[in-house]
Amino acid sequence: MDCLKNFAFGALAVAIGLLAGATKPGFASAEEMAFRLAVKGGEIAGGAPTLRVTEGDGVTIELVSDDEMELHLHGYDITVLLTPGEATAFAFRADIAGRFPAEPHDHGGNDHNAIFYLEVYPQ
Amino acid sequence: MRLLLCTVPVVLLFASTSMRRAQAHAFGQRYDLPLPLDLYLAAAGTAVAVSFLIVALFSARFGARTFRTRLVLWQRPDESASWRLLGHVLRAVGVAIFFLIVAAGLVGAASPVKNIAPLLVWVLWWVGFLLFTALIGNLWPALDPWASLRNLALPKRDGSPLLAWPAWLGGWPAVLLFLAFGWAELVGPFGESPSDLALLVLAYSVFAWGGMMLFGDAAWRNNADPFRRVFGLIGASSLFGRTKREADRPLVLRLPGSGLLEAETGRISDVVFVMAVLATVTFDGFSETPLWAAFLDWIARSQMLRPVLLGISSAGIEILDAIRTTALIVAPLVVVAIYTLFCALTSLADRAVTLGMVMRAFAVSLLPIAIAYHLSHYISYLLLAGQFAIPMASDPFGFGWDLFGTSGYVMDIGIIGARQVWYVAVAALVTGHIISVIVAHSIALRLFPNARAATLSQLPFLVLMVGFTACSLWILAQPVVNEPALSSTP
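Chains as they are written, first to last, in this note's numbering: chain A, 1 to 123; chain B, 1001 to 1490.
Keep in mind the hints are simulated off the structure, nothing from the lab. Note that the structure is a prediction, hence the values are computed from the model and not measured.
Pair ranges (Cβ atoms, derived): (1) B:Ala1081 to A:Ile78: 56 to 64 Å; (2) B:Cys1471 to A:Pro49: 26 to 34 Å; (3) B:Phe1052 to A:Arg93: 42 to 50 Å.
Here are some of the chain A residues that sit facing chain B, going by a computed Cβ distance under 8 Å: (4) Thr50; (5) Arg99; (6) Phe100; (7) Ala114; (8) Tyr117; (9) Pro122.
Backbone N, C-alpha and C define an ideal beta-carbon position, used for all residues, glycine too.
Build the full structure now, drawing on both the sequences and the hints.
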């Protein structure tokens, strides 16, 4: 009988633990995600790619452009200046979920076009 | 629903510990993630299953009567001084906001993120107030600044307008003005330029007041005013409303959507108006999908269309604007064609019921799905862009004022979690679909002579409604893409 009681308590403890774990997204393992993108003529070959990460991940994006360009990642509000032929990297923690376009700024009438999209999925 | 309630505190907890305050950049940018496939399929499956369940179980005695249940809150509001006072307050608010929009647009800053006019019109009124109207109740007749200012400037002259409304015009001016408004929203420069927006408002005001003076207020309101019409239709589905079933028009609390059974689409132009609303709401979302981007790309590459595109751009017209304008004209026609086809099938259920009768009777039944889609599409945008109201209330003209000490407010783009947006979207669309099916079935029981014909008549409509809901879900499951810049030069 005792054995059954212990089992019940054990199961309860596991259930509470699982519940606690499930309700605290901060405990889920965050990964480090790195992307390397080459920009040619104001575009990435093959069309604007979508970079997918999970909320909480550390994100590093390295860009090389053949042209000078000011790139703006919406939502996270990060602006980087790309100089021709030089690798520029920026890093941030993806702590807001959503789909964010990265667009060049002050580039004639072209600033409607996204160069890539960042999708941050909830945990 | 329980899942939704459970996740709210968790998100609040999480948001408070790791909140990142970031500035949303462009006014009008949406950051929504596409709806995941499993949620998309679950919602579509639920919609189909519930549709057939309703058709199988719904009967005149049980369903239709229960759906019409209402609670009278105020039997004769018009006789009450406090009701009239509320009307005066709303009229004053409507007129004040009207002048604020015009003044800010004309003298305020040129940037839409510094000037309150575009925010008031496109976010707070056209998204926020429209959703309030759909869910809670229609305050527009009282707020309507054009009617209020007209009544302030000129004493009421009932009965003797200068001209009688031409019978052949019917309600078509309202349809055309609504499409023009849709064009201003989705194609025109009025979201980006506050001064253009103010001039548009002034131009419409002169036009509307001219129409009221020529044809009389009632004729204008019933045949040409697109806003009275759209808020009247959308507001018919809300929880609170003035019922038309009794002469006193008591204020009632009713089941969502049941007021649509009292909404009138007695003319074909009224039916087309509803279809124009459905088409513009849907096109808004469709024009952000990869499919639309691919279509634009195909047009840009097409050898056959090249001379046309060159002609358009040499005339000084943006090609993208020309395509979107064409789409805004074609979309309502496509919706009307599809609706007519399904109405023709529906009318086969009984010989005594004609196509025209079916078209006039069922148009409003599609509105709940469109409202649900509007809510799903805009909920996060409203919560994000709506935050601009906090700094702008202190500095409406962008002059650097700080009237209420809130001008330094930084937007919180984490205000609603991505998962919450998904749940709200799916819950709204499934609910909207169920309401639409119930409304259509109630109408069928009223229109067809017997229950068997009514049930039979609903089979084509179920297909139409499942299709409309599935299309809405499909758009939400697409990643938002910006339209490619089009140029005619290779």
